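Letter by letter, the chains look like this.
Protein chains: 2
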Amino acid sequence: MEAAKGLVKHVLLARFKEDVTPEKLEELIQGYANLVSLIEPMKAFHWGEDVSMENAHQGFTHVFESTFESVEGIAKYVAHPAHVEFANRFLAALEKFIIIDYKPTVVNP
Amino acid sequence: MEAAKGLVKHVLLARFKEDVTPEKLEELIQGYANLVSLIEPMKAFHWGEDVSMENAHQGFTHVFESTFESVEGIAKYVAHPAHVEFANRFLAALEKFIIIDYKPTVVNP
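Protein chains in written order, with our numbering: chain A, 28 to 136; chain B, 28 to 136.
Bound-form chain A, shown alone (with noise of 0.2 Å):
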């Protein structure tokens, strides 16, 4: 098993509150998005809403996964101001929320 050279995802799966309209959500997401051009270390960000059948979702709702060279990068981007900003508003739209770093890894076979 050998993780890929230094990369590091940082996955939020999120539920929102009820009252966030979609007009909020999408100037939401673009502020999260906009955090790559504003965070040197933050190198990608994707998301999705949940499209699961197996009904093991437990309410989360949006997958958000932005990608990183190393766990100081993700420690960077958290203590920046720009991220310090932006999560307080984000985090405020939030019912509830997770948060989970990972080094993809591969299984040789």
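Treat the hints as calculated values from the structure; they're not laboratory data. These figures come from a predicted structure and were not determined experimentally. You may find that some hints are simply not true.
No copy is singled out in the list; a pair is fine if it fits within one copy or between any two copies.
As the list claims (entries may be wrong) - Straight line, CA to CA, 16 Å or less: simulated EDC-like cross-link-like pairs of lysine to aspartate or glutamate:
1) Lys130 / Glu92
2) Lys123 / Glu76
3) Lys130 / Glu76
4) Lys70 / Glu99
With the hints as your guide, set chain B onto chain A.
Okay, now just chain B, sitting in the frame of chain A:
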């Protein structure tokens, strides 16, 4: 915002039971990875342990991410005998889990 063409990520967050040994864990991860060669719609598999520092992982300790070409591909995977057999063994070793699927989407600036 545009979704990567057809690509769907299948993400499982897990916490294993206390009595799962490192050897058992490695066997389960190897078994999960082996599904790529047994189930045609499953295109890739990565996993990793939680390395987050924000203390928002809510007790989940592992991420398993597999890639499919479509939502229909995930349905075939879920129903595949090799998956059913493995899932019974895997889920029995878990204290808790979440499964969420999403189409990774990029936000245009």
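Taking the hints in turn, this is what the structure says about them:
no., hint, in the structure
1, Lys130 / Glu92, "both (13 Å within a copy, 11 Å between copies)"
2, Lys123 / Glu76, "within (15 Å within a copy, 22 Å between copies)"
3, Lys130 / Glu76, "between (23 Å within a copy, 7 Å between copies)"
4, Lys70 / Glu99, "within (13 Å within a copy, 30 Å between copies)"
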